[in-house]
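Can you make the complete structure from the sequences, with help from the hints?
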Amino acid sequence: AQKVTQAQTEISVVEKEDVTLDCVYETRDTTYYLFWYKQPPSGELVFLIRRNSFDEQNEISGRYSWNFQKSTSSFNFTITASQVVDSAVYFCALSEEETSGSRLTFGEGTQLTVNP
Amino acid sequence: NAGVTQTPKFRVLKTGQSMTLLCAQDMNHEYMYWYRQDPGMGLRLIHYSVGEGTTAKGEVPDGYNVSRLKKQNFLLGLESAAPSQTSVYFCASSTPEARRHYEQYFGPGTRLTVT
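In order, the protein sequence lines correspond to chains V and U. Last residue of the first sequence: number 116 in the numbering used here, and the count goes up by one each step with no gaps. Last residue of the second sequence: number 115 in the numbering used here, and the count goes up by one each step with no gaps.
Mixed in with the good hints there might be a few duds.
Pairs of lysine-lysine residues, derived as BS3-like cross-links and limited to a Cα-Cα distance of at most 30 angstroms, are as follows [as the list claims (entries may be wrong)]:
1. U:LYS57 <-> V:LYS16
2. U:LYS70 <-> U:LYS9
3. V:LYS70 <-> V:LYS3
4. U:LYS71 <-> U:LYS57
5. U:LYS71 <-> V:LYS16
6. V:LYS38 <-> U:LYS9
7. V:LYS3 <-> U:LYS57
8. U:LYS9 <-> U:LYS57
9. V:LYS38 <-> V:LYS70
10. U:LYS9 <-> U:LYS71
11. U:LYS14 <-> U:LYS57
Calculated from the structure, these hints are not laboratory results.
Okay, structure coming up:
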């Protein structure tokens, strides 16, 4: 069975600090997909990134970067120069290769608070 | 395009009452999902559907029923609500085309309180 663990329940930083959110996953499949979602205080889920298991290239998008390491089953998310607007709950999720119905398994989420 | 919409946005039920949550999507997606979100537990899959007329159980299906009579709608029913079903419910949809079924689009959520 697939599982996603986000060991950091809450993180608090001061604006402009860099912060890394950890995500560790378990799966028996060789093909799978990893995601990060952001849930701001307004409650909606915002898609941030999807990563395929066969593509271990790290990715950078503005102040966001993702470090995917299959050897340690981790898919960590770093925010550089954090801003107050980054305050949200961040979820890591996993979807295994299936013939139909790609179900997502979510981690418990990390509440990030960026203080001014 | 409205994307994924959910009705209602908020609801308070008494124990034992029944209700139906409606999810609608206008993206012609084949797959639809219902999740619940509880504090500290992330989102958990309740039921999902891979096409009109088909449904399947997810991780936490007990106490819920679903129906997918039309491709664009996915209904979640609570026959006899219990306080343990107090949660925020999210609907999502995705398409199997071009292997994009891993990208799920989420609705805004329904906050349900059972007293």
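Okay, the hints, checked on the actual structure:
no.: 1; hint: U:LYS57 <-> V:LYS16; in the structure: violated, 44 angstroms
no.: 2; hint: U:LYS70 <-> U:LYS9; in the structure: holds, 21 angstroms
no.: 3; hint: V:LYS70 <-> V:LYS3; in the structure: holds, 15 angstroms
no.: 4; hint: U:LYS71 <-> U:LYS57; in the structure: holds, 18 angstroms
no.: 5; hint: U:LYS71 <-> V:LYS16; in the structure: violated, 46 angstroms
no.: 6; hint: V:LYS38 <-> U:LYS9; in the structure: holds, 20 angstroms
no.: 7; hint: V:LYS3 <-> U:LYS57; in the structure: holds, 18 angstroms
no.: 8; hint: U:LYS9 <-> U:LYS57; in the structure: holds, 24 angstroms
no.: 9; hint: V:LYS38 <-> V:LYS70; in the structure: holds, 23 angstroms
no.: 10; hint: U:LYS9 <-> U:LYS71; in the structure: holds, 22 angstroms
no.: 11; hint: U:LYS14 <-> U:LYS57; in the structure: holds, 25 angstroms
Checked against the numbered hints above, the structure violates hints 1 and 5; every other hint is satisfied.
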